[in-house]
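If you read the protein sequences in the order shown, they are chains A and B.
Start counting at 1 in the first sequence, then tack on 27, and there's your number in my numbering.
Position 103 of the second sequence, counted from 1, bears residue number 102 in my numbering, the numbering being contiguous throughout.
Hints are computed from structural coordinates only; laboratory data are not their basis.
Among the hints, a few may not be true.
As the list claims (entries may be wrong) - Capping the alpha-carbon separation at 20 Å, the derived lysine to aspartate or glutamate pairs in EDC-like fashion look like this:
no.	chain 1	residue 1	chain 2	residue 2
1	B	56	A	98
2	B	54	A	123
3	B	17	B	95
What the hints assert, rightly or not - Covered stretches of chain A, as calculated for chain B (at least 3 residues, CB under 8 Å):
no.	region
4	66-74
5	127-136
Just so we're clear, the structure is a prediction, and the values are computed from it rather than from any experiment.
Just so you know, even glycine gets a beta-carbon here, dropped at the ideal spot from N, CA and C.
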Amino acid sequence: AQSVTQLGSHVSVSEGALVLLRCNYSSSVPPYLFWYVQYPNQGLQLLLKYTTGATLVKGINGFEAEFKKSETSFHLTKPSAHMSDAAEYFCAVSEDAGKSTFGDGTTLTVKP
Amino acid sequence: DVKVTQSSRYLVKRTGEKVFLECVQDMDHENMFWYRQDPGLGLRLIYFSYDVKMKEKGDIPEGYSVSREKKERFSLILESASTNQTSMYLCASSSEIPYRGGYTFGSGTRLTVV
């Protein structure tokens, strides 16, 4: 069975600071891993994904994530936060191309 | 621009009504999903479908049914709406090919049952 744990339901950073959102997963097979972003009253939008190949994955809006098999982690980072990054972020894992299991989400607040 | 379209952004229905939530995707995706999202509970899978006329129960199927008569359309049905079904409903689709993985979500339908 697959599962996802997002450490910290709320993260607050200052504008220009590093963003680090943590995600750990469990999976019985090599996983596919995803990060999504959700702005208020909208659906989720795919930020980036790891399916195979390079373990450092770059996504939209300057975000990237690194797949670390030994740590079963897929943390999301951005070097410099912008006010427009304030949103809820979800990590997800899938064991095939089918259904994904989502974490509970992390709300990112960016302070001016 | 490829997308998933949910027929309504906001709906208000009365207790006991039969409610249809429609979802259409234009990406020729094989897989389609219905989730509900509630504060503090994250995204919970209601039903999913990997092919036309195929459906599988997710984690919380009670009180819901689905229909997939055409590849591009996946409908969620609340047989007799209840107040505890007030929620944000999200439809998503994905390809069956792993390297194309990841969901494309619709904008969501916020349903209020009164």
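Do the hints match the structure? See the list:
Pair hint residue 56 of chain B plus residue 98 of chain A does not hold up; C-alpha atoms about 32 Å apart against a cutoff of 20 Å. As the CA atoms of residue 54 of chain B and residue 123 of chain A are separated by approximately 17 Å, the hinted pair is consistent with the 20 Å bound. With a C-alpha separation of about 32 Å, the suggested pair residue 17 of chain B and residue 95 of chain B falls outside the 20 Å cut-off, and the hint is violated. Under the rule that three or more residues need a Cβ within less than 8 Å of chain B, the assignment of the region 66-74 of chain A holds, with 6 such residues.
Here the region 127-136 of chain A counts 5 residues with a CB under 8 Å from a CB of chain B, which clears the bar of 3, and the coverage holds.
Violated hints, listed in ascending order, are 1, 3; each of the other numbered hints is respected by the structure.
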